[in-house]
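Given these sequences and hints, build the entire structure.
Protein chains in written order, with this note's numbering: chain A, 1 to 306; chain B, 1 to 466; chain C, 1 to 278.
Keep in mind that the hints were calculated from the coordinates and are not lab data.
For clarity, every value in this text was computed on a predicted model and none was experimentally measured.
We treat Cβ as the ideally placed atom computed from N, Cα and C, and that holds for glycine.
Incorrect hints may have been included.
Residues of chain C clear of chain A, computed beta-carbon distances all greater than 10 Å [said to hold, decoys possible]:
| hint | residue |
| --- | --- |
| 1 | 16 |
| 2 | 24 |
| 3 | 52 |
| 4 | 70 |
| 5 | 71 |
| 6 | 78 |
| 7 | 79 |
| 8 | 157 |
| 9 | 192 |
| 10 | 222 |
| 11 | 224 |
| 12 | 234 |
One side only, chain C facing chain B, incomplete, derived with CB under 8 Å [unchecked claim]:
| hint | residue |
| --- | --- |
| 13 | 132 |
| 14 | 134 |
| 15 | 136 |
| 16 | 140 |
| 17 | 217 |
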Amino acid sequence: MIHPVRAVRAVPRRTWLRYRFVFLALAPIMALFFYLRVLPTGQAIVMSFFKWELIKPAEQFLGFDNYINLLKDENFRLAFFNTTIFAVATTILSVLLALLLATLIARLVGGRIGAGIELLYFAPVLVSVVPVTLGWREIFNYQHGILNSLLAGIGIGPQPWLSDPTMTLVAVIILSVWKQLGYNMIILLVGMRAIPRLYQEAAAVDGASAWQQFRHITLPLLAPVTLFVIVITTISSYNVFTQVYVLASDVQGAPGKLVRVIVYDIFENGFRFFKMGYAAAEAVYLFLIVIVLTIIQFRFLRGSRV
Amino acid sequence: MSMSPGWKRTLALVAVVGLVIGACGPSATTAPSTAAGPSASAAGPGGSTGAAPSAVANACGDAPVTLNVWGGYPEMDAVYKKAGEAYTAKHPNVSFTIFSTDLRGFEQKLTTSLPSNTAGDVVIRTANFLARFIDQGLLAPVPADLEAFIKGGAYSETDIKDATYKDKIVGVPEFSSGTALYYNKDFLAEAGLSGPPTSMDQIWDYAKKLAKVDGSGNVTRSGISLRLSGQGSGVAEKFWILLLQSGHELVKETAPGSGKYAADYNGPDGVALFQHYVDSLRDKIDSPNIDHDAKAFETKVTAMFAREPWVVAEIATAAPDLVGHYGSISLPVADLGATETMYVPTSAPNAACSWDFIKFLTEQDQQLLIPPTAGWLPSRKDLDLTAFLAANPGYEGFLKKPAGLKVSLTPPIAEFDELETKLATHLVDAYADYANLAGKPDKIQALLNTWADETNQILAANGHGA
Amino acid sequence: MRPNRLVPNTIRWIVIVLLLIGGIAMVFPLLWLVSTSLRPAPELLLVPPRLLPQHWTLDNYAKAFASAPLLLYLWNSFVFAMISTIFIILTSTVAGYVFAKFRFPGNNFLFMLVLATAIVPFEIYMVPLFLQINALKLVNTQLGLVLPFLVLSYGIFFMRQNTQTSVPDELLDAARIDGMSETGIMLRFVPRLLGPAISALAILAFIQAWTAFIWPLLILNKPTLFPMELGLSQFANTRVDFGLTSAGAVIAMLPTLIAFLVLRRRIVEGITLTGLRG
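Below is the structure:
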């Protein structure tokens, strides 16, 4: 309803109303968010410039010392290297496989069988990380793990999954893709099913093949959700910790080789050595790396607006 | 189809109600404070300086009190629970909650709760870990009568030393640990070895004879299961334990009482020990690809390994067919001790009651509960464990020690964890590189020297450099 | 999105078989866990390991229920997860919608801020967060436990992306022209279009709260308030009792499985508002 008088206002009323609406809707949420996430994170970042020993207030201002020392730290460099390889591999594998799965289930299988398959692939997401990682330790066992038995069945010698540095990284990647796959698949399925059938039907009428439909309609329209999946997989891969910790702990017998990742290094510096300021600086580096990657991913996969 | 507006509103209502209930719900850990009862002064309830302190009747007052006992070893829960029940029988107004979780979680919990005064009433951990907290005044000093009792002969010198920080006794020992060599009797007999090894040389010799290799050159049974990988400081700790047998430490105090330390592992004995490790890998006495540690011993893929007493309890439940076919023997020259000691946080509201319960835990009956219930060994040395040992011969290596066995402790320096962990990382990498290091003592010496430099740097950075 | 009937049936069945094989491989570790939970202690270390136990036993489950008030822990977890899920859905849907469909100064900045905080590992900000909550005297309370779980950065991000995909501007304009208030659109109209996404977010938020461990460990002291994961760690000495831990893991997994099955229908149902999609 356009009221003639109001339409002549200097500040467009609609804009002002819009801003007010946005404010009222967002303010409480952002307030919560600020208190629960931004504030404590900000404090931790401030602490990265101090010598903070966690159980007493920080005393010594160090400027950029923590940051400089980190760059010289062997452990940090190794952690950065391991984590990056891990994140790249896990993201590529789990997103591509999830895309494949979602497409097959949504377009090809469907129905009850599709539902059953979804459940099978989603099941790993439901279980708690610690016990299932201990179970995977058995699967990766050199002498009697099932993985090596299977490999023997096809003529490949046993692999030192948990003792060789490279193989342990591979093992952690396998474990993480396994856990992440179903999560990504469900999200992509939601996205795929949200695409109005109308568009595909129109394309089919125009003579487009299944593949063409997929490539030119489904994929572009799926882009925002695909972006989401890539970004969160990248973020959670950079944050990998528990699996690595459990695989290398001496609970339940012999520990496997430790794959030094960034969050493990942060945990060790902060909670073992009580060098919390140092650990906070490490977290800032982690943050910078991931935010850069995220921005790149956003640029690359700008969602197409319908 | 999808959510109707009415449903959404109901959900929101439920959520808000839930939050309100949560906010009004049970709050802080602190139990209702005792009106009566002695104040939480260092003096504590007056007691005699006799051998066994008695629990004073009114230390916990008459009002209901709940004591939260925090420990880092879940298997000890049953011990604290039983002790709690016995204590409640004498003091009906006192109830207990036992809280424990794995060590990593426990240490994180202490790190957040002690400085914020939200910790439990009784905390059990090592003096070493808690040193920082003691420096901050977050743990209450031990009452005089308990201190006198500890020094009164019921505990070994080592336990007293381990409970001492900056020349003061800071905690009350509860249970102690050590390391012994577990060996499989059947394998020894099969190799024609008459008894367990009693010297380091014998241990290495036995290992060579006990290892088994299959046709393709894979180790199917390791002669001795060495700690070759893992996170944290474990790898360095196991190296240290073997290093002790030649009279060296990871870091040694340069002059007794000086508070200055220097790396002690890069001398000829350290090099020789490291050589044993990599030579064992080269000579297929042990292998990175085989199982290790307790699991390996229980599944019979290793003949010997060194570990703490809890393995005995594990074998009894998880590998009962091994019972009677294995034994444990003390390490020949020295051992690494560790004592879990009991503390009361300064912020605990019923400190006197807490100390009284701690006192109760030091009584003979309570100490004797520990081995059969949790598989650890009690700290008190004046107990009669002969019946226990007869029923559980697996503990022999822990209870029968050669005369003159030297027990080493973790040095009371805050940075020890860091230097031990960093050394562990180096060791893991070096063991993996055994092919290039076996039989090359010069290379090994150079490597150890670089590590020792780092160790000394860490010491210097914390004011303990020589 | 209906399955494409243009593809020959044989190919469809081949794909199904392959997917099923893959699916079995996916659940194998879980089957292993279940199998472990049904074994007596001496069978935990069999060499070579057997998939099925020789002596089936429910001892581990009996022990689990006997040594800890598991039903109480399950209830605590349930309340905690429900409150968290509801709030996360509410905050994420509203914020996601606003970020996706409204232009205002600071939109991008705030959204990037939201995303940024998702990157920082919890271990880094958990200590300052704990001290903040302690200052509010909320340590060892249900409110203190659930507070950090009321918002989810991923959730806001997720709903924003889904809003971009599933809520065309034309529809919103149509609704406005029809006289709907902005609030009405936000709280009634848009969520109807986002049913599957909301259900997917619900299951993910539920799982996150259900499997939370570190925060409950730090904030709670009184065992009567413990949720499942924390309660399990109290008695399960993973060193000796892997059978017991496995039983606990299976018990913990069942409710989330049920929740997924319940919500799955919602996740599957696509948009059938053919009228509006003209």
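Now the hints, each set against the structure:
Residue placement check: residue 16 of chain C does not keep its beta carbon more than 10 Å from all beta carbons of chain A (closest about 6 Å). Chain A draws residue 24 of chain C into its interface by the beta-carbon criterion, the shortest separation being 7 Å against a cut-off of 10 Å. Against chain A, the non-interface label of residue 52 of chain C holds: every CB pair exceeds 10 Å, the least being about 13 Å. With a closest Cβ-Cβ approach of about 15 Å to chain A, residue 70 of chain C is found to remain outside the 10 Å limit, as its non-interface label requires.
For residue 71 of chain C, the shortest C-beta to C-beta distance to chain A comes to about 18 Å, beyond the 10 Å cut-off, and the non-interface label holds. No Cβ of chain A comes within 10 Å of the Cβ of residue 78 of chain C; the nearest lies about 15 Å off, and the non-interface call holds. In this structure residue 79 of chain C is separated from chain A by more than 10 Å, as the shortest Cβ-Cβ distance comes to about 19 Å. In this structure residue 157 of chain C is not separated from chain A by more than 10 Å, as the shortest Cβ-Cβ distance comes to only about 6 Å.
Separation of residue 192 of chain C from chain A is adequate, the least Cβ-Cβ distance of about 13 Å exceeding the 10 Å criterion. Remark: the non-interface label on residue 222 of chain C is consistent with the geometry, its nearest Cβ contact in chain A lying 22 Å away (cut-off 10 Å). At the 10 Å boundary, the C-beta of residue 224 of chain C stays outside the reach of chain A, the nearest C-beta of that chain being 21 Å off. Remark: the non-interface label on residue 234 of chain C is consistent with the geometry, its nearest Cβ contact in chain A lying 14 Å away (cut-off 10 Å).
A distance limit of 8 Å between C-beta atoms decides the matter here; for residue 132 of chain C the minimum to chain B is near 11 Å, and the interface restraint is violated. Contact between residue 134 of chain C and chain B, as hinted, is supported at the beta carbon level, the nearest pair being about 5 Å apart and thus within 8 Å. Proximity of residue 136 of chain C to chain B is violated relative to the hint, the smallest CB-CB distance being about 10 Å (cut-off 8 Å). The beta carbon of residue 140 of chain C is positioned within 8 Å of a beta carbon in chain B (closest approach about 5 Å), and the interface hint is therefore held.
A cut of 8 Å between beta carbons decides the hint on residue 217 of chain C: the least distance to chain B is about 5 Å, and the hint holds.
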